[in-house]
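Construct all of the structure, not just a fragment, from the sequences and the given hints.
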Amino acid sequence: MSYMQKDAPIFIAGHRGLVGSAIERELRRLGYTNILTRTRTELDLQDAAAVLAFFQQTKPKFVVLAAAKVGGIYANNTYPADFIHDNLAIQSAVIDACYATGVDRLLFLGSSCIYPKMAPQPMPESCLLTGPLEPTNRAYALAKIAGIEMCWSFNRQYGTKYLAAMPTNLYGPNDNFDLNNSHVLPALIRKTARAIQDGAEEVVVWGTGTPKRELLYSDDLAEACVYLLNLPAEEYGKLLREDAPPLINIGSGEDVTIRELAETVGRVLGFKGVLRFDTSKPDGTPRKLMDVSLIHSLGWHHRVALEEGIKRTWEAVRGDLVV
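Sequence positions in the sequence shown follow my numbering and run 1 to 323.
Heads up, some of the hints might be wrong.
Said to hold, decoys possible - Straight line, CA to CA, 27 Å or less: simulated DSS-like cross-link-like pairs of lysine-lysine:
hint: 1; residue 1: K161; residue 2: K59
hint: 2; residue 1: K69; residue 2: K6
hint: 3; residue 1: K59; residue 2: K6
Derived by calculation from the structure, the hints in this document are not laboratory data.
In structure tokens form, the structure reads like this:
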């Protein structure tokens with residue numbers, strides 16, 4: 001039996017993004033009827049007073065904090081002040097409003113980049129703050145770590161039930177395909193689509209191609225998020241420990257090299273040329289594989305294989321990327 005009633009007011013902060021839109025689709029598929037959403041023009045999530053007024057008016061019982069300023073290596077390295085400022089402001093405003101209005105459960109979404117650059121592989125939740133971060137996304141990672149600490153602190157001081165979920169690298173419909181600001185997979189899809197359209201014989205890939213990345217299709221993440229919010233009180237309570245952050249990894253538990261990823265994209269899109277690796281560009285973290293044993297122990301596993309997920313993504317966006 002689900003913990004969340006079908007008519008319970010559920011606020012999805014960031015419902016137009018990759019994560020939020022997938023969660024909204026999943027909730028509607030399951031028959032939830034009282035989903036609260038606001039666009040950025042309707043509600044500035046960095047405006048604490050406006051956020052509190054919205055919560056007081058709509059009284060959400062459950063909140064998914066999927067809104068964030070996100071980007072790939074280039075964006076993180078170029079705009080670090082924006083990344084730390086905007087994410088801290090959003091988190092503070094939403095978490096404060098959750099407490100002020102008595103929200104039952106909050107799911108705060110972060111990223112696997114919160115873990116140390118040289119973390120053990122696969123990365124368990126317990127390796128948080130055990131080593132230096134990857135320099136290129138340090139500002140974003142620190143903001144997300146602060147969000148985890150806020151959830152833990154509110155739980156300990158006020159008895160709230162705030163859980164922080166850390167997804168691995170995500171992809172799917174509604175992703176950001178801008179070449180300057182996107183993550184690795186959408187960037188590869190965009191580059192490959194352009195190469196096919198232009199009749200180019202090569203696709204240039206940043207770095208050496210040797211780093212490994214774990215990827216998760218956005219619909220799988222959405223299923224995991226709703227699954228966690230619907231855990232029975234006893235099981236959910238076990239994730240909110242006094243002696244450790246209320247943190248849970250969400251991933252596939254499988255990874256591939258950037259070269260293998262680029263080859264898979266080429267195969268799905270039908271690119272017949274060659275890959276050229278620009279080794280003057282940064283590789284980023286050598287490997288980022290999540291330890292997903294905790295969420296597996298709760299009964300959730302991913303379902304969409306990587307090549308199938310890329311096919312679904314390409315079918316959803318090809319009309320926008322190919323003119």
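Each hint tested on the structure:
Under the criterion of a C-alpha separation no larger than 27 Å, the hint pairing K161 with K59 is consistent with the structure, at around 16 Å. Distance hint between K69 and K6 is unfulfilled; the C-alpha atoms sit about 30 Å from each other, more than 27 Å. For the proposed pair K59 and K6, the alpha carbon gap of about 16 Å is at most 27 Å, so the pair holds.
In summary, the structure is inconsistent with hint 2 from the numbered list given earlier, while agreeing with all the others.
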